Structure formats: structure tokens, C-alpha cells
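So the protein lines, in turn, are chains P and H.
Under the numbering used here, the first residue of the first sequence is numbered 1, with each subsequent residue one higher.
Under the numbering used here, the first residue of the second sequence is numbered 1, with each subsequent residue one higher.
No lab work stands behind these hints, which were simulated from the structure alone.
Keep in mind the model is a prediction, meaning the values are calculated, not measured.
No residue lacks a Cβ here, since even glycine has one placed at the ideal position from N, Cα and C.
Hints are supplied without guarantee of correctness; some may be wrong.
[To be verified] Distance windows between CB atoms, simulated:
no., chain 1, residue 1, chain 2, residue 2, range
1, H, 80, P, 61, 43 to 53 Å
2, H, 75, P, 40, 23 to 33 Å
3, H, 69, P, 39, 41 to 51 Å
4, P, 55, H, 113, 21 to 31 Å
5, P, 79, H, 79, 16 to 26 Å
6, P, 58, H, 17, 30 to 40 Å
7, P, 51, H, 59, 19 to 29 Å
8, P, 26, H, 39, 25 to 35 Å
9, H, 16, P, 55, 20 to 30 Å
10, P, 40, H, 59, 19 to 29 Å
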Amino acid sequence: KNQVEQSPQSLIILEGKNCTLQCNYTVSPFSNLRWYKQDTGRGPVSLTIMTFSENTKSNGRYTATLDADTKQSSLHITASQLSDSASYICVVSADSNYQLIWGAGTKLIIKP
Amino acid sequence: AAGVIQSPRHLIKEKRETATLKCYPIPRHDTVYWYQQGPGQDPQFLISFYEKMQSDKGSIPDRFSAQQFSDYHSELNMSSLELGDSALYFCASSLAGSYNEQFFGPGTRLTVL
Chain P
1 KNQVEQSPQS
11 LIILEGKNCT
21 LQCNYTVSPF
31 SNLRWYKQDT
41 GRGPVSLTIM
51 TFSENTKSNG
61 RYTATLDADT
71 KQSSLHITAS
81 QLSDSASYIC
91 VVSADSNYQL
101 IWGAGTKLII
111 KP
Chain H
1 AAGVIQSPRH
11 LIKEKRETAT
21 LKCYPIPRHD
31 TVYWYQQGPG
41 QDPQFLISFY
51 EKMQSDKGSI
61 PDRFSAQQFS
71 DYHSELNMSS
81 LELGDSALYF
91 CASSLAGSYN
101 EQFFGPGTRL
111 TVL
């Protein structure tokens with residue numbers, strides 16, 4: 001069964017600190033993996049999108065990694081800011097269709 | 001840059017009423033997706049359209065229907081509304097071939113009383 005699991009469920013860190021969010025998936029055949037940031041009540045915003053041949057991709061203070069062999073991805077946030085408080089969702093696209101398999105997300109809270 | 005536009009942003013309806021949600025994709029995007037997101041849940045895929053034809057179907061109830069028009073905007077029609085239909089409804093658009101990277105609209109918050 002195609003699944004995406006994320007950890008931790010929630011995370012609280014102080015402003016300025018770094019953090020890493022994890023994503024494990026069992027989607028096959030794999031097409032690509034995306035990380036979205038979703039503020040409460042708003043639409044998800046794409047941070048990165050990676051295919052199986054890409055190991056790492058950065059978008060400002062966000063760096064995503066992908067290990068297609070172990071089917072794991074991580075999202076590293078550097079020098080966190082209060083505006084980083086949001087849910088971060090790992091989404092995997094299967095090659096066979098255009099549907100996205102969503103993780104449950106990690107709720108990140110940045111405290112001053 | 002132009003983004004996905006959804007209207008209305010908020011909608012309050014009573015049980016058994018009907019509702020129509022509209023989505024205007026990013027210019028030149030040919031694919032539109034509809035998602036339903038309940039409180040604290042991840043978005044559930046409802047249906048998608050490519051070049052005005054239904055391309056995929058997810059967990060869309062029979063009471064709901066959708067279509068994509070010649071100008072690529074899409075409408076989600078919801079009838080016999082139930083309390084459980086209260087949710088955020090997101091529309092996303094993409095350009096076929098670009099890994100189908102989906103760009104999401106701000107959502108329509110539907111409340112059924």
C-alpha cells in the first residue's frame with residue numbers, strides 16, 4: 001500500500017535554531033517527492049520537488065534530501081524564523097497516475 | 001506572478017443546500033485538481049481535469065460533480081450538503097509534463113450548518 005509517514009508529529013524549537021524533519025515512503029513506482037509548507041487555513045506552498053535522481057535540493061533556508069534506495073527524505077531548516085511556524089507536509093507522486101500521496105505533516109512551532 | 005484563484009473564500013450553507021466553488025488556474029496551466037481538507041487532516045484528492053476532460057477521480061462523493069470549462073477554469077458543484085462536508089476545499093493547477101508540480105489556491109472554507 002502506498003504510504004507516506006512523517007516524523008516527528010510536532011516540534012517546538014527556539015528562533016534561530018536549526019531543525020530536521022523526516023519522511024519515509026513506500027510509494028511505488030516512485031515519480032517525485034515534494035515538501036509543502038502549509039499555514040493554518042491556507043493552501044500548501046511548494047518548497048522543493050525532487051525526482052529519484054536528485055539527492056539534495058535547496059530553497060533558501062530549506063534544504064531537502066532524498067535517498068531513493070532507503071525511501072527516505074528529510075527537510076532541514078536553517079536559522080529558523082517565527083514565520084517558519086507551519087505544517088510541513090511530505091508528498092510523494094506515484095509514476096502511474098497524477099495523484100499525490102500525502103504525509104500527515106509535521107507541525108513546527110518556532111518560539112521567540 | 002499570477003496564482004490560483006478560488007472563489008468564494010468563505011461559504012456558509014445549510015444542510016441539503018447546494019454550493020458551487022470556482023477555481024481559476026494559473027494562466028497556461030492545463031490541469032486542475034480539487035482537494036478536500038477536513039480539520040487536522042491532510043488534503044483528500046477529489047477529482048482532476050486535463051484539457052477540460054476528467055483525468056482522474058478520487059474520493060469524490062456522488063453528490064458532488066465538477067467540470068473544467070473552455071477557459072480552463074473549473075467548478076465544483078456540491079448538492080444535498082451534509083454537516084460532514086464542512087471543510088477547506090483546495091484547487092490546484094499544474095502544467096502537464098512539469099512533474100505535475102501543483103500550485104495550490106488559497107482554498108474555500110465551506111461551513112455547513
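Against the structure, the hints:
1. Distance hint check for residue 80 of chain H and residue 61 of chain P: the Cβ-Cβ separation is about 47 Å, which falls inside the suggested range of 43 to 53 Å.
2. The hinted range of 23 to 33 Å is satisfied by residue 75 of chain H and residue 40 of chain P, whose Cβ atoms lie roughly 26 Å apart.
3. Between residue 69 of chain H and residue 39 of chain P the beta carbons are some 30 Å apart, a value that contradicts the proposed interval 41 to 51 Å.
4. The given range of 21 to 31 Å is broken by residue 55 of chain P and residue 113 of chain H, whose C-beta atoms sit roughly 50 Å from each other.
5. For the pair residue 79 of chain P and residue 79 of chain H, the beta carbons lie near 49 Å from each other, so the given range of 16 to 26 Å is not met.
6. One distance hint, 30 to 40 Å for the beta-carbon pair residue 58 of chain P and residue 17 of chain H, is violated here, with the actual separation near 47 Å.
7. Judged by the Cβ atoms, the range 19 to 29 Å given for residue 51 of chain P and residue 59 of chain H holds: they are separated by roughly 27 Å.
8. One distance hint, 25 to 35 Å for the beta-carbon pair residue 26 of chain P and residue 39 of chain H, holds here, with the actual separation near 27 Å.
9. For the pair residue 16 of chain H and residue 55 of chain P, the supplied restraint of 20 to 30 Å is violated, since their beta-carbon distance comes to about 53 Å.
10. Checked against the hint of 19 to 29 Å, the pair residue 40 of chain P and residue 59 of chain H passes, with Cβ atoms roughly 23 Å apart.
Taken one by one, the earlier hints fail for this structure at numbers 3, 4, 5, 6, 9, listed in ascending order.
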